Amino acid sequence: MKGHQIQSKIISMEVEVLNAVQQRTLDQFTEGPSIKESRLFFLLLPFFDGKNWSAEIESSAKTVSIVYAALHAHDKIKEDVPIIKEQQLTVLAGDLYSGIYYQMLVNSKNIAMVQQLASAIIQVSEKKTSFFEEAIRPLDEIEEAIIIIETELLLSYYRFYGFSEYTLLAEQTLLYLRYAEELEYLQSKHYTNFLRELNSNLAHEIYTEHWLLEKLDSLHGQILVSIADCSLDYELAQFLLHQITPHQHRAEQLTREG
Amino acid sequence: MEKMKLKLLYSDLKPELEMIEKELEQAVDSKSLLLNDASLHLLQAGGKRIRPVFVLLAGKFGDYNIDVMKRVAVPLELIHMASLVHDDVIDDSEIRRGRPTVKAQWNNSVAMYTGDFILARALERITEIESPRIHEILSKTLIEVCRGEIIQIQDKYKLDQNLRDYFRRIKRKTALLISSSCELGALVSGTDEKTAAHLRRFGYFIGMSFQIIDDILDFTSTDEELGKPAGSDFIQGNITLPILCARKDPEIYATLKANLNKDLSNEERLMIVRTIRNSSAIDEAKAMSERYLEKALRELSFLPKGQAVKTMRKIAFFIGKRNF
Chain A
86 MKGHQIQSKI
96 ISMEVEVLNA
106 VQQRTLDQFT
116 EGPSIKESRL
126 FFLLLPFFDG
136 KNWSAEIESS
146 AKTVSIVYAA
156 LHAHDKIKED
166 VPIIKEQQLT
176 VLAGDLYSGI
186 YYQMLVNSKN
196 IAMVQQLASA
206 IIQVSEKKTS
216 FFEEAIRPLD
226 EIEEAIIIIE
236 TELLLSYYRF
246 YGFSEYTLLA
256 EQTLLYLRYA
266 EELEYLQSKH
276 YTNFLRELNS
286 NLAHEIYTEH
296 WLLEKLDSLH
306 GQILVSIADC
316 SLDYELAQFL
326 LHQITPHQHR
336 AEQLTREG
Chain B
83 MEKMKLKLLY
93 SDLKPELEMI
103 EKELEQAVDS
113 KSLLLNDASL
123 HLLQAGGKRI
133 RPVFVLLAGK
143 FGDYNIDVMK
153 RVAVPLELIH
163 MASLVHDDVI
173 DDSEIRRGRP
183 TVKAQWNNSV
193 AMYTGDFILA
203 RALERITEIE
213 SPRIHEILSK
223 TLIEVCRGEI
233 IQIQDKYKLD
243 QNLRDYFRRI
253 KRKTALLISS
263 SCELGALVSG
273 TDEKTAAHLR
283 RFGYFIGMSF
293 QIIDDILDFT
303 STDEELGKPA
313 GSDFIQGNIT
323 LPILCARKDP
333 EIYATLKANL
343 NKDLSNEERL
353 MIVRTIRNSS
363 AIDEAKAMSE
373 RYLEKALREL
383 SFLPKGQAVK
393 TMRKIAFFIG
403 KRNF
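Listed in order, the protein sequences are those of chains A and B. Residue 217 in the numbering used here sits at position 132 of the first sequence, and the numbers go up by one each step. Residue 342 in the numbering used here sits at position 260 of the second sequence, and the numbers go up by one each step.
Here chain A stands alone, though its shape is the one from the complex (with noise of 0.2 Å):
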């Protein structure tokens, strides 16, 4: 498959989403539901594969799209007293993708994926709530947590259809790029919840900087690996490291630098 097919189908599966969550006053009050390509370009892999594919997997990809975008909605409530109307349809919104995405399924009579999903769901609040906790944690507790808010949804859905062997690979992409995201808050002093308990473990946000970079080093590497053990062709292998990945290079440079 040509590079231009996967950005297209990906498209294609962007504005599907989009239209299934629509609604009038939200597109207007609010930043509308967050899709990120990554994710839709792991969601899916296994078609541009040429792995076996139906309508009823490319439905549960476009739900398990949607959970994301009602949990990412979540995460944008801020504590702000008091709350304006942007952030009310912001919660409403995230409620209201949870609805759609479990009458999507419910539609095409797939309620084992509900339950895959709503477990899915509990362990991502679980380590997304973590970060509020006041106690201290190991390094490898927080990543593990990490791993866990970026991947736990996708990966359930590589369970539920059989494609687990693309785990490894999108666990280190996903993750990569949560860390590429992260380094850039940090470095323009946005401080994420994330940023904040890795300050205080590591004591300096400079040293942060420096595991963020050799984080994104590490994994880099990891991600070459692993499309060599997928043997993704070599499009597929092109798309990735420069239209999913594009940080990359930068992350080199930053190393080389640093």
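It cannot be assumed that every hint is accurate.
[To be verified] Listed next, the stretches of chain A that the computed footprint assigns to chain B, with coverage defined by at least 3 CB atoms under 8 Å from CB atoms of chain B:
#: 1; region: 140-152
#: 2; region: 215-224
[As the list claims (entries may be wrong)] Stretches of chain B that chain A covers, calculated by requiring three or more beta carbons in the stretch to come under 8 Å of a beta carbon on chain A:
#: 3; region: 163-171
#: 4; region: 191-202
#: 5; region: 214-221
#: 6; region: 224-237
#: 7; region: 244-251
Hints were generated in silico from the structure; no laboratory data involved. Being a predicted model, the structure only gives us computed values, none of them experimental. A virtual CB, placed ideally from N, CA and C, is assigned to each residue, including glycine.
Given the coordinates of chain A, work out where chain B should sit on it, guided by the hints.
Chain B alone, transformed into the frame defined by chain A:
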């Protein structure tokens, strides 16, 4: 006190409700200590458990098996709890049922994740039931409830909205989940379609009456009785039935208009509460609640006589007269 009276009405369901309560505690059990605390905090604040009660009562018209009934009763209460914890973020509420809300005790983010967690637990549990019909009804209800809330935010501070907007809103906000509780209770116990439809309509009418009374109580109760400041609806810009009835008086209309969407002092808030309380609006709103109650009772008249109908009738009368 009043909550005690209500619980006495369904004392014949006591053992089952105790079982539901334990199941609710188990359902919110989490590996995360914080989520556990937040969910239990919400659960222990209590509540009328109206939804599980209606599930169980509706089940009495079919092949009643508590092990089956609880699979619907527990998720419905969880769904209600999840919506409350998110509502408190939306309304910026500090107090619910006399206790700090999850968002006040912790923060908005913890409240959001607690709601997501509880809703997911509800779905995880209810998917143990394979009947597509159950899920069609519930998923549609969830979406409609959200749409109702979105409309409520859209309609905030609009003093000139019509009564139809209000009724459409409370239908989605409250009546639908109670209606679905009755219908799902009936369906899961295997009642015939006709009985399930009467129960669904009963739940709908009771839900409408219940919400109207809730909106009246926001003006007629004290802060202590409500567990939050009286007149909160007006402060938050929610235009409820007492306000819609009261605005017909030009003087009251002007007062309401002048104080809407304003940072009110305590005296100003109490003045608004007194104005509504002393107007004819309360009686008018009560009459509308009464009409829904009559419709609910009429639905009961089509059902086979027995203890379940008796209890439902008692609850209906109580809801119409409750003062908490």
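Structure-based check of each hint:
1. 140-152: violated (count 0)
2. 215-224: holds (count 3)
3. 163-171: holds (count 3)
4. 191-202: This one holds; 10 residues, not fewer than the three required, reach chain A with a Cβ under 8 Å.
5. 214-221: Coverage by chain A holds here, the residue count being 5 at a Cβ distance below 8 Å.
6. 224-237: holds (count 10)
7. 244-251: violated (count 0)
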